[in-house]
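Engineer: Taking the hints into account, I'd like the entire structure generated from these sequences.
Chains as they are written, first to last, in the working numbering: chain A, 1 to 658; chain B, 1 to 138.
Honestly, the hints are just simulated from the structure, not real lab data.
Every residue, glycine too, gets a C-beta built ideally from N, C-alpha and C.
Worth double-checking, as some hints may not be accurate.
[Claimed, not checked] Here are the computed lysine-lysine pairs in the DSBU-like style, where the Cα-Cα straight-line distance is at most 35 Å:
{"#": "1", "chain 1": "A", "residue 1": "531", "chain 2": "A", "residue 2": "566"}
{"#": "2", "chain 1": "B", "residue 1": "2", "chain 2": "A", "residue 2": "428"}
{"#": "3", "chain 1": "A", "residue 1": "272", "chain 2": "B", "residue 2": "27"}
{"#": "4", "chain 1": "B", "residue 1": "87", "chain 2": "A", "residue 2": "620"}
{"#": "5", "chain 1": "B", "residue 1": "87", "chain 2": "A", "residue 2": "566"}
{"#": "6", "chain 1": "B", "residue 1": "2", "chain 2": "A", "residue 2": "335"}
{"#": "7", "chain 1": "A", "residue 1": "546", "chain 2": "A", "residue 2": "606"}
{"#": "8", "chain 1": "A", "residue 1": "387", "chain 2": "B", "residue 2": "29"}
{"#": "9", "chain 1": "A", "residue 1": "535", "chain 2": "A", "residue 2": "546"}
{"#": "10", "chain 1": "B", "residue 1": "27", "chain 2": "B", "residue 2": "104"}
{"#": "11", "chain 1": "B", "residue 1": "29", "chain 2": "A", "residue 2": "520"}
{"#": "12", "chain 1": "B", "residue 1": "87", "chain 2": "A", "residue 2": "531"}
{"#": "13", "chain 1": "B", "residue 1": "27", "chain 2": "A", "residue 2": "387"}
{"#": "14", "chain 1": "A", "residue 1": "428", "chain 2": "B", "residue 2": "6"}
{"#": "15", "chain 1": "A", "residue 1": "520", "chain 2": "A", "residue 2": "606"}
{"#": "16", "chain 1": "A", "residue 1": "566", "chain 2": "A", "residue 2": "606"}
{"#": "17", "chain 1": "A", "residue 1": "606", "chain 2": "B", "residue 2": "87"}
{"#": "18", "chain 1": "B", "residue 1": "6", "chain 2": "A", "residue 2": "272"}
{"#": "19", "chain 1": "A", "residue 1": "531", "chain 2": "A", "residue 2": "546"}
{"#": "20", "chain 1": "A", "residue 1": "606", "chain 2": "B", "residue 2": "29"}
{"#": "21", "chain 1": "A", "residue 1": "535", "chain 2": "B", "residue 2": "104"}
{"#": "22", "chain 1": "B", "residue 1": "104", "chain 2": "A", "residue 2": "387"}
{"#": "23", "chain 1": "B", "residue 1": "6", "chain 2": "A", "residue 2": "620"}
{"#": "24", "chain 1": "B", "residue 1": "104", "chain 2": "A", "residue 2": "520"}
{"#": "25", "chain 1": "A", "residue 1": "546", "chain 2": "B", "residue 2": "87"}
{"#": "26", "chain 1": "A", "residue 1": "387", "chain 2": "B", "residue 2": "87"}
{"#": "27", "chain 1": "A", "residue 1": "531", "chain 2": "B", "residue 2": "104"}
{"#": "28", "chain 1": "A", "residue 1": "520", "chain 2": "B", "residue 2": "87"}
{"#": "29", "chain 1": "B", "residue 1": "6", "chain 2": "A", "residue 2": "335"}
{"#": "30", "chain 1": "A", "residue 1": "535", "chain 2": "B", "residue 2": "87"}
{"#": "31", "chain 1": "A", "residue 1": "520", "chain 2": "B", "residue 2": "27"}
[As the list claims (entries may be wrong)] Partial list, computed: chain B residues near chain A (C-beta under 8 Å):
{"#": "32", "residue": "7"}
{"#": "33", "residue": "15"}
{"#": "34", "residue": "22"}
{"#": "35", "residue": "25"}
{"#": "36", "residue": "30"}
{"#": "37", "residue": "32"}
{"#": "38", "residue": "60"}
{"#": "39", "residue": "87"}
{"#": "40", "residue": "88"}
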Amino acid sequence: MIPALPTLGALSQNLALGFAVITIIVLLAYLRKGDTRLFITGQRSALLVSWLTILSTVILAFELINSNFNLAYVAQYTSRATPLLYKISALWAGQAGSLLFWVFILAVYGLIVIYQNRDRNRIMMPWVIIIITGVELFFLFMTNFITNPFAPVDPGIVVRDGNGLNPLLQNVTMAIHPPTLYLGYVGFAVPFAFAMAALISGDTTAAWIRLVRRWTLVTWLALSIGIILGAWWAYQELGWGGYWAWDPVENASFMPWLTATAFIHSIIIQEKRSMLKVWNMVLIIVTFALSIFGTFLTRSGVMSSVHSFTASSLGPLFLGFVFLILIVSTLVLIKRLPLMRAENRIESFLSRESGFLFNNVVFIVMCFAVFWGTMFPVLTEAVRGTKITVGPPFFNQVNIPIGLVLLLLTGIGPLLAWRQTPRASLVKQFSIPLLAGLVTALMVYIFGLRGYPLASLALAGFVLATIVLEFSRGIRVRHRKFGEAIPAAFWKIIRKNRHRYGGYIVHFGVVLMFVGFVGKAFDQDIETVVKAGDKFHLAGYEFELKQISTEERSNHAAWIADLAVKRVDGEFVTRLFPEKRIYFHRDPDEHRRQPHSELDIHTTMKEDIYSVFTGIDTEKQAASFKIMVNPLVNWVWLGGYIFVLGTLIAMWPNRRRK
Amino acid sequence: MKNRSKIAVAVVIVAALFLLWITTGTKGKEVPYVSVAELLEGDFSQDRFRLGGNVRAGTINISEENLLDVEFVLEQGEEGIVVHYNKTRPDLFEDGCEVIVEGKLISGEFYADNLMTKCASRYEGDLRNAENYELGEI
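Structural biologist: So this is what it looks like as structure tokens:
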């Protein structure tokens, strides 16, 4: 243990705060005086803020790894027995650490932005740096003065061993999920900074669109991966058998994702047709404000949720920051309205532009629906005096149809031409996909499905047909023109037009996810108490509890159930070994021992057999289980992979032309 | 009317309809969050409610016949109410822990079909466990 290190960590975040202030002052002076030396000084000072923040984060990580329990944060979130990976992930497991981690990511983004634009975009850059540093300043203020991760434990206490990390968080996905989510949340600060800088400096040219589009895609991808991983973790670890519960904190990450998705679509219209400029600015501002608002929801304790940290004084500060962002950006936007005039107008209902426009409206409507449901308890308490919650039934009732409209637009949009789609081509374009949709609907109907599942699958068939059609058209053209074989032509069209075909691949992923969502309507479950040798049935399967064994491992003890699963006709399917674990099992204080159910899932493309060891009565040798049969869940994850792949293709940088 | 204005009108109508539908969509899905005192005073036997409070230490009683059946006293300060629950209990459910239950009031007792725990306290803040610290010399 190096005694001076924590002091150095604390010092470097002090200095980062100081240099953040200096950066802003110097750059404002540059904008007034125009002396290039001031710009260079400001830029260097901003780099210093980044490096100091990174240093202080690395030191905190080092202290966590080396179990320096003199730091309250280290003692609260790790113990000697905590495995190395989770010692590192403790960096973002608690409040103080996660705020420092927030600045750390922004610091890394800041470094990339500054180095990338060393000799470019001289008009915008001072403002970009000022805005990014401003955001850093806000978070550094909190880690320095409100919740300092380098705070020592109370004087007079020597901690022998720390509290240890919550066993629910001891899962590899859980180690990755928060940082990817943060990469997304924090990342929206960059497009926001570019947007504001462009507005303030009056430089709203094409270069701006490229930069902002790229940055938004990168952060949007990170946020998407974060959300998918969070869903996956909930499914694998929490034991309620689902992956999305409309929990306030899930919603907090979903709202900026929705507005960012709207932006990614509508920026295409600005790129191609120089329209919707103001609208795009609004979307960027709202997305960034929502990502800070999301942090507020998580930190303030206004919402009861599995995610929320204990109530703290951070709430008002975050809310204030959100309002500051909204007010300042709105004022800037209003002042610069004359710059944002559209150069074209929408000409027809049946145009790509209007398709995008409706897509945007629906995304925003969905964001509003999520916002409304999430804030409902707060709103009703303010208006009526009683807190009224609306749970998943509300969100599902409202969002399923909206989601289906979006799915429909996913199919229609690409079939429409820019400016106006001629009537003749309308028939040609839509006949095959419509037929595909109808045939799917008919098949699904015969299969016995009705209502939303029927609608979802029919739309999935429709959209899938449009995607296949788009690809096959491109391939046929190359095949005819250059005589390329079909696989080669397939590869070429993607490489030649990554934005477009990457986008279609993302849409394909979304279609698969919708297929997975349909499965949710057919989940079956049973909760039962059995003894060794007992059998029970669910969804055409027979489960037999063979035995329960015990095992002691390094940081917990476990009861392991052995469940044999057969089809009712007797065919063997699998054996499941769900566990009931007790963490801190050697702790003499019974209340500090921590039970935890480790699930076991048998998974196929058709369905998952999901088992949870929910309780044990050692005296009577009886155990309780929750078993679920969840159809099509794997399609959601498969769709997720394809979604990510498509985004990577769409954002892959073009080779630099010399 | 020009195409452009038609589209604008269509957008506004679509958005307005959706918004109306969302804001009225909460009807019938509302679950009031009440205190134990409010619940016992009012006549609420028909509706669903959410209650928050702590599990009174020593009151958790698991049925002899069925491991899943449990009853306990949910307390809010002085007030308390008996809660019945017969589904899977979260791992963090224990004496003193903070819970939120959702269900109905039937003749003075609460029958929950949803139970959520919030037991962050163990991982947030309190280091003063006798096993883990010793008083040093100040």
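Engineer: Does each hint hold? Answer for all of them.
Structural biologist: Tested hints:
A C-alpha spacing of about 18 Å is found between residue 531(A) and residue 566(A), which places the hinted pair at or below 35 Å, so the restraint holds. For the hint linking residue 2(B) to residue 428(A), the alpha-carbon distance of about 27 Å falls within 35 Å, and the restraint holds. The suggested pairing of residue 272(A) with residue 27(B) is violated, with an alpha-carbon distance near 43 Å, which exceeds 35 Å. In summary, the hint linking residue 87(B) to residue 620(A) is supported, as the alpha carbons are separated by about 19 Å, within the 35 Å threshold.
Between residue 87(B) and residue 566(A) the CA atoms are separated by roughly 25 Å; this keeps the pair inside 35 Å, and the hint holds. Among the hinted pairs, residue 2(B) with residue 335(A) is consistent with the structure: their alpha-carbon atoms are about 29 Å apart, no more than 35 Å. Taken as a hint, the residue 546(A) and residue 606(A) pair is honoured in the structure, with Cα atoms around 26 Å apart against an allowance of 35 Å. Note on residue 387(A) and residue 29(B): the hinted pairing holds, with a Cα-Cα distance of about 13 Å set against a maximum of 35 Å.
Pair hint residue 535(A) plus residue 546(A) holds up; C-alpha atoms about 9 Å apart against a cutoff of 35 Å. With a C-alpha separation of about 18 Å, the suggested pair residue 27(B) and residue 104(B) falls inside the 35 Å cut-off, and the hint holds. Taken as a hint, the residue 29(B) and residue 520(A) pair is honoured in the structure, with Cα atoms around 20 Å apart against an allowance of 35 Å. Between residue 87(B) and residue 531(A) the CA atoms are separated by roughly 18 Å; this keeps the pair inside 35 Å, and the hint holds.
For the hint linking residue 27(B) to residue 387(A), the alpha-carbon distance of about 15 Å falls within 35 Å, and the restraint holds. The straight-line distance between the Cα atoms of residue 428(A) and residue 6(B) is roughly 26 Å, inside the 35 Å bound, and the hint therefore holds. As the CA atoms of residue 520(A) and residue 606(A) are separated by approximately 12 Å, the hinted pair is consistent with the 35 Å bound. Annotation: proposed proximity of residue 566(A) to residue 606(A) holds, straight-line Cα distance about 16 Å (limit 35 Å).
Restraint check for residue 606(A) and residue 87(B): the C-alpha separation of about 27 Å stays at or below 35 Å, so the hint holds. With a C-alpha separation of about 22 Å, the suggested pairing of residue 6(B) with residue 272(A) holds against the 35 Å cut-off. Between residue 531(A) and residue 546(A) the alpha-carbon distance is near 9 Å, which keeps this suggested pair within the 35 Å criterion. Of the pairs offered as hints, the one joining residue 606(A) and residue 29(B) holds, with about 32 Å between alpha carbons and a cut-off of 35 Å not exceeded.
With a C-alpha separation of about 33 Å, the suggested pairing of residue 535(A) with residue 104(B) holds against the 35 Å cut-off. Pair hint residue 104(B) plus residue 387(A) holds up; C-alpha atoms about 17 Å apart against a cutoff of 35 Å. Taken as a hint, the residue 6(B) and residue 620(A) pair is broken in the structure, with Cα atoms around 73 Å apart against an allowance of 35 Å. Restraint check for residue 104(B) and residue 520(A): the C-alpha separation of about 26 Å stays at or below 35 Å, so the hint holds.
Taking the CA atoms of residue 546(A) and residue 87(B), the gap is about 23 Å. The hint holds against a cut of 35 Å. With a C-alpha separation of about 26 Å, the suggested pairing of residue 387(A) with residue 87(B) holds against the 35 Å cut-off. Between residue 531(A) and residue 104(B) the alpha-carbon distance is near 32 Å, which keeps this suggested pair within the 35 Å criterion. With a CA separation close to 20 Å, the supplied pair residue 520(A) and residue 87(B) stays within the 35 Å bound.
Taking the CA atoms of residue 6(B) and residue 335(A), the gap is near 29 Å; set against the 35 Å cutoff, the hint holds. Proximity of residue 535(A) to residue 87(B) is assessed by CA-CA distance (about 19 Å); at most 35 Å being required, the pair is judged to hold. Restraint check: the Cα-Cα separation between residue 520(A) and residue 27(B) comes to about 24 Å, which is no more than 35 Å; the hinted pair holds. The restraint placing residue 7(B) at the interface with chain A holds, with a minimum CB-CB distance near 5 Å, inside the 8 Å limit.
Checking residue 15(B) against chain A: minimum C-beta separation of about 5 Å stays under 8 Å; hint holds. This hint holds: residue 22(B) has a C-beta 5 Å from the nearest C-beta of chain A, less than the 8 Å allowed. Annotation: interface hint on residue 25(B) holds; nearest CB of chain A at approximately 5 Å, less than 8 Å. Satisfaction of the interface hint for residue 30(B) is found here, the shortest Cβ-Cβ separation to chain A being roughly 5 Å, below the 8 Å cut-off.
With 8 Å as the threshold, the beta carbon of residue 32(B) comes within range of chain A, its nearest partner Cβ sitting at about 5 Å, so the hint holds. Taking 8 Å as the C-beta contact cut-off toward chain A, the hint placing residue 60(B) at the interface is violated, the least distance being around 12 Å. Hint status for residue 87(B): holds, given a least beta-carbon distance of 6 Å to chain A, under 8 Å. Because the closest C-beta pair between residue 88(B) and chain A is about 4 Å apart, less than 8 Å, the hint holds.
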